[in-house]
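All chains, full assembly: derive it from the sequences and hints.
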Amino acid sequence: MPTALVRPPPASLPPATGERPDRKSAILLAAEKLFAQRGYHGVSIRQIAAEAGVPVALVGYYYGAKHELFHAIFAHWQPTIEARLALLREAVAQTRAHPAALHRIVSAFVEPVLRMRASPEGEFYALLVSRELLYVRDETDRVLREFFDPLAHAFIDALHTVRPQATRAQTAWAYQFALGALLHHTSDRRVQRLSRGANPPNDAAAAPLLIRFITAGIDAALQAPPTHPDHPKEISP
Numbered sequence: 012m013p014t015a016l017v018r019p020p021p022a023s024l025p026p027a028t029g030e031r032p033d034r035k036s037a038i039l040l041a042a043e044k045l046f047a048q049r050g051y052h053g054v055s056i057r058q059i060a061a062e063a064g065v066p067v068a069l070v071g072y073y074y075g076a077k078h079e080l081f082h083a084i085f086a087h088w089q090p091t092i093e094a095r096l097a098l099l100r101e102a103v104a105q106t107r108a109h110p111a112a113l114h115r116i117v118s119a120f121v122e123p124v125l126r127m128r129a130s131p132e133g134e135f136y137a138l139l140v141s142r143e144l145l146y147v148r149d150e151t152d153r154v155l156r157e158f159f160d161p162l163a164h165a166f167i168d169a170l171h172t173v174r175p176q177a178t179r180a181q182t183a184w185a186y187q188f189a190l191g192a193l194l195h196h197t198s199d200r201r202v203q204r205l206s207r208g209a210n211p212p213n214d215a216a217a218a219p220l221l222i223r224f225i226t227a228g229i230d231a232a233l234q235a236p237p238t239h240p241d242h243p244k245e246i247s248p
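Numbering (the working numbering), first residue to last: 12 to 248.
Watch out, some of these pointers could steer you wrong.
Simulated crosslink set (EDC-like; lysine to aspartate or glutamate; CA at most 20 angstroms straight-line) [said to hold, decoys possible]:
#1 Lys35 <-> Glu101
#2 Lys77 <-> Asp168
#3 Lys35 <-> Glu93
#4 Lys77 <-> Glu122
#5 Lys77 <-> Glu62
#6 Lys77 <-> Glu150
#7 Lys77 <-> Asp199
#8 Lys35 <-> Glu62
DEER-style ranges, computed between Cβ atoms [claimed, not checked]:
#9 Phe159 <-> Pro131: 20 to 30 angstroms
#10 Ala216 <-> Ala76: 38 to 48 angstroms
#11 Glu93 <-> Arg179: 20 to 30 angstroms
#12 Ala61 <-> Arg100: 21 to 31 angstroms
#13 Ala216 <-> Phe159: 41 to 51 angstroms
#14 Ala61 <-> Phe188: 35 to 45 angstroms
#15 Val67 <-> Ala231: 28 to 38 angstroms
#16 Trp184 <-> Ala61: 37 to 47 angstroms
#17 Ala61 <-> Ala227: 44 to 54 angstroms
#18 Val67 <-> Arg100: 42 to 52 angstroms
#19 Gly64 <-> Arg100: 39 to 49 angstroms
#20 Gln48 <-> Ser206: 17 to 27 angstroms
What the hints contain is simulated information worked out from the structure, not anything from laboratory work. The beta-carbon is built from N, C-alpha and C at its ideal position, and this holds for glycine as well.
Structure below.
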């Protein structure tokens, strides 16, 4: 957070009272919502202030520049990343040689995100992650390196532990493929139309299906290569 937090509020700002909502939180939620809907470069500080119902100067007072406000959103959700890492450590410690080890690692990867996604605030965050972090720019690269790269390395290490026959390169690809499936699931609403209304967005019944899908995909991708080619070479007469 910027050191501006220790400054006294500008005289033009109305004083906060016990009857007011938490304006700092309102700013963060407004920024999260607008960044998710319009993208980082499609939103101004003035628009964020209007969405939060606060003076424009208050945004800078609490969060500093726009890129610092963007960073603060991900810092706010750091406990979700910590929860995923804790579940991952537990899964690896308990199931290293267990037949269901991979399934449990994938569950630790998926389930905290789906629980977070079920809340209104989490819905905006999930959309923001899937929209902004796929297109690396200066402001997103900082977020990726600080918050998401350590998580990715931890999961790649865990996958390599239970599928040691695969190379690190193969395991990193498998992680990326799994991440793509998870991000698409948390941000896409088209499934409701494709299923002719049978699959509502955020349907909890999709969670075990997604976990099985990712688990099977990783398992297939990281299997030892076959000793015989799938299609034997033709023998010339």
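- Keeping to a limit of 20 angstroms between CA atoms, is the pair of Lys77 and Glu122 held or broken? Roughly 31 angstroms separates the two Cα atoms, so the pair is violated.
- Between Ala216 and Ala76, does the beta-carbon spacing fit 38 to 48 angstroms? The hint (38 to 48 angstroms, Cβ to Cβ) holds, given that Ala216 and Ala76 are roughly 43 angstroms apart.
- Message: Holds or violated: Lys77 and Asp199, Cα atoms, limit 20 angstroms.
- Response: violated (27 angstroms)
- Query: Is it true that the C-beta distance of Ala61 to Phe188 lies inside 35 to 45 angstroms, as the hint says?
  - Reply: Since Ala61 and Phe188 have Cβ atoms about 40 angstroms apart, the given range 35 to 45 angstroms holds.
- Could you grab the alpha-carbon distance between Lys35 and Glu62 and see if it respects the 20 angstroms cut-off? With a Cα-Cα distance of about 13 angstroms, the restraint between Lys35 and Glu62 holds, given a limit of 20 angstroms.
- Task: Take a look at whether the Cβ-Cβ distance between Val67 and Ala231 falls inside 28 to 38 angstroms.
- Result: violated (53 angstroms)
- Query: Can the suggested window of 41 to 51 angstroms be confirmed for the beta-carbon pair Ala216 and Phe159?
  - Reply: violated (28 angstroms)
- Query: Regarding Glu93 and Arg179, is the given constraint of 20 to 30 angstroms on their beta-carbon distance met?
  - Reply: holds (25 angstroms)
- Task: Take the C-alpha atoms of Lys35 and Glu93, compute the straight-line distance between them, and say whether it is at most 20 angstroms.
- Result: Measuring from Cα to Cα gives roughly 23 angstroms; hence the hint is violated.
- Query: Is the gap between the beta carbons of Gln48 and Ser206 within 17 to 27 angstroms?
  - Reply: holds (24 angstroms)
- Pairwise beta carbon distance, Phe159 to Pro131, judged against the given window 20 to 30 angstroms: Given about 23 angstroms between the Cβ atoms, the range holds.
- Query: Does the alpha-carbon distance linking Lys77 and Glu62 stay inside the 20 angstroms limit?
  - Reply: holds (15 angstroms)
In this structure, the earlier hints numbered 1, 2, 3, 4, 7, 12, 13, 15 are contradicted, and the remaining ones agree with it.
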